[in-house]
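**Q** Those protein sequences? They're chains V and B, same order as listed.
Going by this note's numbering, the residue at position 702 of the first sequence is 702; the numbering climbs one at a time, nothing skipped.
Going by this note's numbering, the residue at position 38 of the second sequence is 38; the numbering climbs one at a time, nothing skipped.
Certain hints may be false.
Below, simulated DSS-like cross-link-like pairs (lysine-lysine); rule was C-alpha separation at most 27 Å, straight line [to be verified]:
1. V:Lys625 <-> V:Lys163
2. V:Lys625 <-> V:Lys158
3. V:Lys380 <-> B:Lys78
4. V:Lys5 <-> V:Lys380
5. V:Lys5 <-> B:Lys183
6. B:Lys213 <-> V:Lys5
What follows is a set of in silico ranges between Cβ atoms, one per label pair, in the way DEER data are often shown [as the list claims (entries may be wrong)]:
7. V:Met714 <-> B:Arg216: 54 to 62 Å
8. B:Ser43 <-> V:Leu361: 55 to 63 Å
9. B:Glu112 <-> V:Glu389: 22 to 30 Å
10. V:Ser381 <-> B:Ser43: 26 to 34 Å
11. V:Ser690 <-> B:Gly44: 21 to 29 Å
From the derived model, a few chain B residues whose C-beta atoms are all more than 10 Å from chain V [unchecked claim]:
12. Lys70
13. Pro119
14. Glu125
15. Val221
Calculated from the structure, these hints are not laboratory results.
All C-beta atoms, glycine included, are put in the ideal place defined by N, C-alpha and C.
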Amino acid sequence: MLIRKLLRDIAENKMAYLACVIVIIIGLMTYTAMQMARDNLFIARDQFYEEFHLADGFARVKAIPFTQVEKLQEIPGIDLVQGRLVQDVRVINLDQDKNIYLRLISLADHRPYQLNGVKLLQGSFPGDYERGILPADKFFTAHRLSLGSTISVIIEGKKIDLKITGTGQSPEYVYAIRDMGNIFPDPQTFEVAYIPYGVMESLFNYKGMVNDITFTLKPGYKFEDVEQELKTELEKYGLESLVARKDQASNAMLAEELKGLAKTSTSVPILFLSIAAIILYIMLKRLVESQRGQIGTLMAFGYRPVEILRHYLAYGLLVGLAGGILGGLLGTALSIYMTRMYQDFFSLPDLAGRFSLKYFLAGIFLAVGFSLAAAFQGAKSILTLRPVEALRPPVPVFSKKSWLEIIPGFRAIFTVPGRMAIRNMVRNKGRSFFTFIGIIFTFSTMASIWSMYSMMDIMVLDQFTKVQKYDLKIAFNRPLPLNEVVRELQNNGGIKRVEPLLEAPVTLKNRHLSVEVMALGLMPDAELYTPVDTHGKQIQIPGEGMLLSEQVARKLNAKAGDELRLESIWAKESPVYVHVVAIIPQYLGTNVYMNQEALLKLLQQGQVATAALIAMDKEKIPALKVKYSTSKYISTLEERQQIIDLYNNLMGSSKQMLWIMVLLAAFAGFAIVYNSSIITLSERKRELASLRVLGMRPGEVLEVIAVEQWFIGMLGILAGIPLAYAINKGIASSMSSDLYSLPAITTPPALLLALLGTMLAIWLAQRWVARKVASLDLVDVLKERE
Amino acid sequence: MDLILKARNLTKYYQMGEVRVEALKDVSFDIFPGEFIVVLGPSGSGKSTLLNLIGGMDVASSGEIYYRDKPLHNAPEKVLTGYRRDAVGFVFQFYNLMPNLTAYENVMLAVEIAKKPLPAVEMLEQVGLADRADHFPAQLSGGEQQRVAIARAVAKNPEILLCDEPTGALDSSTGIQVLKVLKDFNRHYKKTVIIITHNAAIAQIADRIFYLKDGRLDRIVNVTNPVSPEEVSW
Ligand SMILES: Nc1ncnc2c1ncn2[C@@H]1O[C@H](COP(=O)(O)OP(=O)(O)O)[C@@H](O)[C@H]1O
Ligand SMILES: [Mg+2]
Numbered sequence: 001m002l003i004r005k006l007l008r009d010i011a012e013n014k015m016a017y018l019a020c021v022i023v024i025i026i027g028l029m030t031y032t033a034m035q036m037a038r039d040n041l042f043i044a045r046d047q048f049y050e051e052f053h054l055a056d057g058f059a060r061v062k063a064i065p066f067t068q069v070e071k072l073q074e075i076p077g078i079d080l081v082q083g084r085l086v087q088d089v090r091v092i093n094l095d096q097d098k099n100i101y102l103r104l105i106s107l108a109d110h111r112p113y114q115l116n117g118v119k120l121l122q123g124s125f126p127g128d129y130e131r132g133i134l135p136a137d138k139f140f141t142a143h144r145l146s147l148g149s150t151i152s153v154i155i156e157g158k159k160i161d162l163k164i165t166g167t168g169q170s171p172e173y174v175y176a177i178r179d180m181g182n183i184f185p186d187p188q189t190f191e192v193a194y195i196p197y198g199v200m201e202s203l204f205n206y207k208g209m210v211n212d213i214t215f216t217l218k219p220g221y222k223f224e225d226v227e228q229e230l231k232t233e234l235e236k237y238g239l240e241s242l243v244a245r246k247d248q249a250s251n252a253m254l255a256e257e258l259k260g261l262a263k264t265s266t267s268v269p270i271l272f273l274s275i276a277a278i279i280l281y282i283m284l285k286r287l288v289e290s291q292r293g294q295i296g297t298l299m300a301f302g303y304r305p306v307e308i309l310r311h312y313l314a315y316g317l318l319v320g321l322a323g324g325i326l327g328g329l330l331g332t333a334l335s336i337y338m339t340r341m342y343q344d345f346f347s348l349p350d351l352a353g354r355f356s357l358k359y360f361l362a363g364i365f366l367a368v369g370f371s372l373a374a375a376f377q378g379a380k381s382i383l384t385l386r387p388v389e390a391l392r393p394p395v396p397v398f399s400k401k402s403w404l405e406i407i408p409g410f411r412a413i414f415t416v417p418g419r420m421a422i423r424n425m426v427r428n429k430g431r432s433f434f435t436f437i438g439i440i441f442t443f444s445t446m447a448s449i450w451s452m453y454s455m456m457d458i459m460v461l462d463q464f465t466k467v468q469k470y471d472l473k474i475a476f477n478r479p480l481p482l483n484e485v486v487r488e489l490q491n492n493g494g495i496k497r498v499e500p501l502l503e504a505p506v507t508l509k510n511r512h513l514s515v516e517v518m519a520l521g522l523m524p525d526a527e528l529y530t531p532v533d534t535h536g537k538q539i540q541i542p543g544e545g546m547l548l549s550e551q552v553a554r555k556l557n558a559k560a561g562d563e564l565r566l567e568s569i570w571a572k573e574s575p576v577y578v579h580v581v582a583i584i585p586q587y588l589g590t591n592v593y594m595n596q597e598a599l600l601k602l603l604q605q606g607q608v609a610t611a612a613l614i615a616m617d618k619e620k621i622p623a624l625k626v627k628y629s630t631s632k633y634i635s636t637l638e639e640r641q642q643i644i645d646l647y648n649n650l651m652g653s654s655k656q657m658l659w660i661m662v663l664l665a666a667f668a669g670f671a672i673v674y675n676s677s678i679i680t681l682s683e684r685k686r687e688l689a690s691l692r693v694l695g696m697r698p699g700e701v702l703e704v705i706a707v708e709q710w711f712i713g714m715l716g717i718l719a720g721i722p723l724a725y726a727i728n729k730g731i732a733s734s735m736s737s738d739l740y741s742l743p744a745i746t747t748p749p750a751l752l753l754a755l756l757g758t759m760l761a762i763w764l765a766q767r768w769v770a771r772k773v774a775s776l777d778l779v780d781v782l783k784e785r786e
Numbered sequence: 001m002d003l004i005l006k007a008r009n010l011t012k013y014y015q016m017g018e019v020r021v022e023a024l025k026d027v028s029f030d031i032f033p034g035e036f037i038v039v040l041g042p043s044g045s046g047k048s049t050l051l052n053l054i055g056g057m058d059v060a061s062s063g064e065i066y067y068r069d070k071p072l073h074n075a076p077e078k079v080l081t082g083y084r085r086d087a088v089g090f091v092f093q094f095y096n097l098m099p100n101l102t103a104y105e106n107v108m109l110a111v112e113i114a115k116k117p118l119p120a121v122e123m124l125e126q127v128g129l130a131d132r133a134d135h136f137p138a139q140l141s142g143g144e145q146q147r148v149a150i151a152r153a154v155a156k157n158p159e160i161l162l163c164d165e166p167t168g169a170l171d172s173s174t175g176i177q178v179l180k181v182l183k184d185f186n187r188h189y190k191k192t193v194i195i196i197t198h199n200a201a202i203a204q205i206a207d208r209i210f211y212l213k214d215g216r217l218d219r220i221v222n223v224t225n226p227v228s229p230e231e232v233s234w
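Looking at chain V on its own, in the form it has when it is part of the complex (with noise of 0.2 Å):
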């Protein structure tokens, strides 16, 4: 029989428990979602570095003959060592709108064990010798392109074609960025492509040579055992960088999006978990008091305490299940849509959305053991009473007013039903202070998810419309006189502007703590690159001394003052000390910053560029394009606009999940609400049907449960702001990596938003109440009981 009462109970009170059910799956969702995404990309990254052995150095240099590469063997802790070409350049035949880069590596003739291996995803491996080429997929998918086609490159200034003879990819680009300077990965303008050795050799004009090393280490050696021998060695050969497989490109933010997620996944789904365990044990702790009555018969009859606990814990029981299962369903699902996410920023073939049975299930266990307790904990209060004190309802002393009550004008401001809801507000301050927690994590949740989406949109107009002004950048395949090459793009029609920068790659040390960065030559009187601090107020590039990003300060522990030591291949002498003026923000990309001039000298190098900054009439670019689009002093023409757009695209799909949640937490809201507003209900049916019977319209007896609501709402909303700051500041943080920092910034039409969306959870909550008062059976109410 108890279970019959159980079914219905629960059938009667459908959005009640229905409520519970989806705050647990929320909870859920998140957890096996994120647990199972951060699995999948873990495993899929491990096997396909495993597989395909990707190396632990990588050292580039002008050229080395390969004899020389097999001696580097010899060096001691190097253990297998392999030399390639590799080499930028241009594509012509595809997108005109767009500077296409490919990446040419060379393949390797038959090796055994091929460090950096391509996997073969379509088509086949040229032929030794034939002009054949193998783009990674993301490229070939991006245009469209069919195998059998060419893709015609610009090598030397002459159009070389090549035919496509099938797709690849290497785990050294699993992340296919140009450099660290770039963020996102753009399979539309850059890639990796694998052609012969023998006719890369040919192409490039590199007899025997090779201009790429990479290396693996034997156990127990680390890359700092080996780094300064193999820098002397290669320092004849003009060594450009040396780096270990944990600042390599890819592999860098891949771990630094691996770290991120690792560390969300946990904290995510705890933050979840335990606001659905919260809301959860209050629900049912309600559930089961609004049961008094019952559990007060059930005992006179004799019941046992255990026999009534296993009854209400069988409701935890049932509502565990039903959310840890359909919790643990969805968050699959949302772990393959988030995977797939994941597949358009990260080429690993092995990644594939996976339905892992040991999350679905710690997620159904999680699930049922919250329910449990929460039901244990509700229930347990009413088993120690004596029968009679469970029959009795737990009267309140209504022998004073509420404190509310002593604000001048309380009686002004409400109507008889609404001194009723505050009242019973104050009274029953547990539920109360239940509906408040709800509100408060609804309404900091949505504030906090939209200011991140302002935060998104910030990050980029600010980059774009403060700092980087420019329209045009044209970087340099090697340093070039400064003042020449202003005069030369100057001749060009259309342009305003011309500014010269210095790029220039440097580790900075303090202490034990080193960076890598590129260190920016600025100017003095720069107007198209101009670092702004937190307020957007232009910063002054100072004649001496360096700027640092926050998140290199960060990485350095390195405060305004600090002396640093400076490394640089491009320095004449190394080491070399520099002195921090500032730190400022930088929301893109880490950089240091310095006066150009300061920066040439510290390096001891002539007055050169490598980059020139262009503000100039948008129709005039194309020309401009077609004009040094051959040019062998150019590696590459970067349009801000398509930056911008880029950046925009890439953060749509971001965007999507910040909605998702928004949309959860709503639902959160909601259903407590509703929850707490069919407690009160059903506590005080009687009371209400008595109005009912004293002529009061359902929408005036409402208020009664409304008014209370609404108080606490408001009151939730107030204490949700500073909460919505400090998430922000938190997410800010916790979002920030090396690569870029979200400012944390609280806009005012995020909480508006979230005000509304907060309110409109209640709003939506009352009405699903007010279709209940409406039902009431007056009759049957009144006859229940005296």
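Given chain V's structure and the hints, the job is docking chain B with the ligands onto it.
**A** What follows is chain B with the ligands alone, placed relative to chain V:
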């Protein structure tokens, strides 16, 4: 003959802030198996309080009460639960039916935990509600709900049947029907029945009448010739 219930100086007070309400003062009595007792007294005289103590629903502030020599006044809740489960049938003043169980299911609720239950359908027949077995409490009148409550208590086949104002909400003919059920249970199964009422007319069906006044057991009257329920009128 062995006593089924023995009470000595039972006292119960409620502390309400600074005010102490003495609901029951120094009540002592003996009750034998198979007796039909009516507790009579005006509203607020402590009748319900007394019934709750007898039913193991509450504990006395002082004094002693025994069920077949087993003390209830200092028994742990576990023992009281067992006592209520196995020995007591309770009919509440306000019915206390489970709102979402039908009349039949409400009776079954009691039957399921009883050791030697009486058939549920038969009990509903006896209270004249066989045709309403599938109705929910909300679909029944107050009197009908009261009769379901009685069927539910009787179906447990308890040693002691306790009824708080069983006829309070009933008209005289249904009231008489209910009293008949109680009396039959008393006579047929030789079980002790204690009913509370403030209606003096009903008292005449009892073997003994306990008069309560201001929480004191004023007097106990032996009824030499109990009348049958049909002869009662109010
Ligand atoms: N829980 C309680 N708290 C305080 N006083 C109570 C409580 N229950 C009963 N009383 C008081 O005890 C007295 C006896 O009550 P009760 O036994 O219910 O009387 P009766 O059933 O005869 O009408 C009354 O004065 C009543 O107000
Ligand atoms: Mg009473």
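**Q** Please go over all the hints and tell whether each is borne out by the structure.
**A** Checked hints:
At roughly 25 Å between alpha-carbon atoms, Lys625 (chain V) and Lys163 (chain V) fall within 27 Å of each other, so this suggested pair holds. Taking the CA atoms of Lys625 (chain V) and Lys158 (chain V), the gap is near 17 Å; set against the 27 Å cutoff, the hint holds. For the hint linking Lys380 (chain V) to Lys78 (chain B), the alpha-carbon distance of about 15 Å falls within 27 Å, and the restraint holds. For a cut-off of 27 Å, the pair hint linking Lys5 (chain V) to Lys380 (chain V) stands: about 19 Å separates their Cα positions.
Taking the CA atoms of Lys5 (chain V) and Lys183 (chain B), the gap is about 32 Å. The hint is violated against a cut of 27 Å. Distance hint between Lys213 (chain B) and Lys5 (chain V) is unfulfilled; the C-alpha atoms sit about 41 Å from each other, more than 27 Å. With their beta carbons about 55 Å apart, Met714 (chain V) and Arg216 (chain B) fall inside the hinted range of 54 to 62 Å. Restraint check, Ser43 (chain B) to Leu361 (chain V): a C-beta distance of roughly 60 Å satisfies the suggested window 55 to 63 Å.
Separated by about 25 Å at the C-beta atoms, Glu112 (chain B) and Glu389 (chain V) satisfy the suggested range of 22 to 30 Å. At roughly 32 Å, the beta carbons of Ser381 (chain V) and Ser43 (chain B) sit within the given window of 26 to 34 Å. The beta-carbon spacing between Ser690 (chain V) and Gly44 (chain B), approximately 24 Å, falls within the hinted interval of 21 to 29 Å. For Lys70 (chain B), the non-interface assignment is confirmed: its Cβ lies about 15 Å from the closest Cβ of chain V, beyond the 10 Å cut-off.
In this structure Pro119 (chain B) is separated from chain V by more than 10 Å, as the shortest Cβ-Cβ distance comes to about 15 Å. Separation of Glu125 (chain B) from chain V is adequate, the least Cβ-Cβ distance of about 20 Å exceeding the 10 Å criterion. No Cβ of chain V approaches the Cβ of Val221 (chain B) within 10 Å, the least distance being about 28 Å, so the stated non-interface status holds.
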